[in-house]
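*Asks:* So the chains spell out like this:
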Amino acid sequence: MTPLLEVEDLHVRFPLTEGTIEAVRGISFTLGRERLGIVGESGSGKSQTGRAILGLTARPGEVTAKRLAFDGIDLMAAPERLRRSLRGSRMTMVMQDPRYSLNPVMTVGQQIIESYRAHKRVSGRDARRAALAMLDEVRITAPDRVMALYPHELSGGMGQRVMIAMMLITGPELLIADEPTSALDVTVRGEVLRILDQLVAERGMGLILISHDLEMVASFCDRVLVMYAGKIVEELASGALDQARHPYTRGLIGCLPKLAGDSHPLPVLTRDPAWAR
Amino acid sequence: MSLDPGLTVEALPERRGRAALGFAGGVAGFLLTLAITLFGLVVVTFVIGRVVPIDPVLAVVGDRASAATYQRVRAEMGLDLPLIEQFRVYLVKAVTGDFGRSVLTTNPVIEDIRTYFPATIELATLGTLIGTLIGVPLGVFAAVRSGSVLDQIVRIVGLVGYSVPIFWLGLMALLLFYAKLDWVAGPGRLDIAYDYLVTPVTGLLLVDSLMQGQLDVFWNAISHIVLPAALLGYFSLAYISRMTRALLLNELAQEYVVTARIKGLSEARVIWRHALRNAAVPLLTVVVLSYATLLEGSVLTETVFSWPGIGSYITSSLQNADMNAVLGGTLVVGAAFVTLNLVSDLLYRLLDPRTR
Numbered sequence: 001m002t003p004l005l006e007v008e009d010l011h012v013r014f015p016l017t018e019g020t021i022e023a024v025r026g027i028s029f030t031l032g033r034e035r036l037g038i039v040g041e042s043g044s045g046k047s048q049t050g051r052a053i054l055g056l057t058a059r060p061g062e063v064t065a066k067r068l069a070f071d072g073i074d075l076m077a078a079p080e081r082l083r084r085s086l087r088g089s090r091m092t093m094v095m096q097d098p099r100y101s102l103n104p105v106m107t108v109g110q111q112i113i114e115s116y117r118a119h120k121r122v123s124g125r126d127a128r129r130a131a132l133a134m135l136d137e138v139r140i141t142a143p144d145r146v147m148a149l150y151p152h153e154l155s156g157g158m159g160q161r162v163m164i165a166m167m168l169i170t171g172p173e174l175l176i177a178d179e180p181t182s183a184l185d186v187t188v189r190g191e192v193l194r195i196l197d198q199l200v201a202e203r204g205m206g207l208i209l210i211s212h213d214l215e216m217v218a219s220f221c222d223r224v225l226v227m228y229a230g231k232i233v234e235e236l237a238s239g240a241l242d243q244a245r246h247p248y249t250r251g252l253i254g255c256l257p258k259l260a261g262d263s264h265p266l267p268v269l270t271r272d273p274a275w276a277r
Numbered sequence: 001m002s003l004d005p006g007l008t009v010e011a012l013p014e015r016r017g018r019a020a021l022g023f024a025g026g027v028a029g030f031l032l033t034l035a036i037t038l039f040g041l042v043v044v045t046f047v048i049g050r051v052v053p054i055d056p057v058l059a060v061v062g063d064r065a066s067a068a069t070y071q072r073v074r075a076e077m078g079l080d081l082p083l084i085e086q087f088r089v090y091l092v093k094a095v096t097g098d099f100g101r102s103v104l105t106t107n108p109v110i111e112d113i114r115t116y117f118p119a120t121i122e123l124a125t126l127g128t129l130i131g132t133l134i135g136v137p138l139g140v141f142a143a144v145r146s147g148s149v150l151d152q153i154v155r156i157v158g159l160v161g162y163s164v165p166i167f168w169l170g171l172m173a174l175l176l177f178y179a180k181l182d183w184v185a186g187p188g189r190l191d192i193a194y195d196y197l198v199t200p201v202t203g204l205l206l207v208d209s210l211m212q213g214q215l216d217v218f219w220n221a222i223s224h225i226v227l228p229a230a231l232l233g234y235f236s237l238a239y240i241s242r243m244t245r246a247l248l249l250n251e252l253a254q255e256y257v258v259t260a261r262i263k264g265l266s267e268a269r270v271i272w273r274h275a276l277r278n279a280a281v282p283l284l285t286v287v288v289l290s291y292a293t294l295l296e297g298s299v300l301t302e303t304v305f306s307w308p309g310i311g312s313y314i315t316s317s318l319q320n321a322d323m324n325a326v327l328g329g330t331l332v333v334g335a336a337f338v339t340l341n342l343v344s345d346l347l348y349r350l351l352d353p354r355t356r
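The listed protein sequences correspond, in order, to chains A and B. For the first sequence, position 95 (counting from the first letter as 1) is numbered 95 according to full-length UniProt numbering, and the numbering increases by one without interruption. For the second sequence, position 276 (counting from the first letter as 1) is numbered 276 according to full-length UniProt numbering, and the numbering increases by one without interruption.
Don't read these hints as lab results, they were simulated from the structure. Fair warning: this is a prediction, and the values are worked out from it, not measured in the lab. Any given hint could be a false lead.
Stated by the list, open to error - Partial selection, computed: residues in chain A whose CB lies under 8 Å from chain B: (1) L54; (2) L56; (3) G88; (4) T92; (5) M95; (6) Y100; (7) L102; (8) E114; (9) H119; (10) S123; (11) L266; (12) T270.
In this text, a Cβ means the ideal position worked out from N, Cα and C, and glycines have one as well.
With the hints as extra help, turn the sequences into a complete structure.
*Replies:* Next up, the structure:
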């Protein structure tokens, strides 16, 4: 059976006047209908990996790969038209902060319905019904009232649930969640994650969860990739964090705050330039 | 950590009611601001009228009048009253639209304005229409292909629009399209043959002639207005296209544009429906202000094209020390400017749900 996603030797480069920045430097992994976590610090290339898979690398970025395939479709060779029809219908992404990622001058309803009708030939009434059902699935009560609201009238948790509803309404097989909870209040993170978890399980989707929060990713995913300076430095089963070998991963784990005991001074990660080579 | 769904519903804003209240409040505030600003405008024109070294009495009676006549006219004009009393009279008259008589045309100033102002409105409206309908798409293409040859061309077109003086460009345009090629009619609003065929109702020649079914007058008027309107349109196009480009580039960098692309929307829809719809909010202010500028500031164009508009009316009144006409004209143009400004504020609220 073909895996859902194959990535082999993926590079993302940004040629700038000051020289080329290589955000992703040759990473490879495959993904089935499973949950894969990608952790790493800011600038490690984890978000650029997600965008490259969707074909949304910002200009003037260049993407190269030995193989980048979705469900057997060679994405590197696919024309833009095909990639666009895959985007939003079979592969999708939830971004970090609903305050910025929702269009401020369109109502929630307009945005969800637009997402649905971009890929389905349905009447406005059917689209509206689907949108209401989807809002219900992300546990928004009184969905018909929420449909008429503008993004600035939503709380962060609600905004992110709307975002999830908007991105999953077409029934995609691959979801890339790029820091889906880091802009939210701690109190609603669990709620949003649980909804995401349930939908992914029910629909049998493949999930790539991108985060800098090692513990959260480990508790949520089956496998974890650790990225540093554009490379995958380590792959771990999520139950086996203690078996991490790479000094960067061990350093990250060592920096996790512990409730028991008094760790003073707080541990700080010491970087070895050799990691980035 | 679970969220009680019942609680979130209560926390939802009741949208319709609040929006209506916000808008009504906006209108009330709008009217108040309008009243205050217009009062300020009346004060300023009053002070100008008293400060300029022009004797309004002399303008009426002439240099050779006897001292007695001078005193009589001075009293008739209310100039012997205390200043504050003069202002009260001036204010009441201004509010009722009585700006006195023009020395130059001997008509009441308000009647002159009724004849001249529509000519300017007609020209400025057409100019803004041209500037917006061409300027906005040009700005959009320049933003989407920023750095390309097209972007450079739009930049140069805009730069020329900014920097070439209108009297030169106007004369050149007349020389080429009227004198040499004979594609359009020359200066003025109409050929003499068509004068007085249309009864002024709105004062807008294009509208009046259409409503009265005078098609040949309409086409003659079009032939006269097309050149000055295109010139004014070019100047507003220069400004509007630059602003559209800048505003749209700013929107295209926003996260919701990425969201729209993730949805798999076509690039055209991402740009026009998502990004431009957001840029339209500040862009509206740009267009309205550029319209207001054309209303008050097209004196040069009106002069070059012998256009009987408010700009040339005020200018020729000024040259003839016709203070009633100058102050009346200034007041009306000022009022139009202030009103347009506030209207753009109100429209802003309509377009942007965050300000409601």
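*Asks:* When the structure is checked against the list of hints, which entries are broken? Sort them ascending.
*Replies:* Violated hints: 10, 11, 12; rest satisfied.
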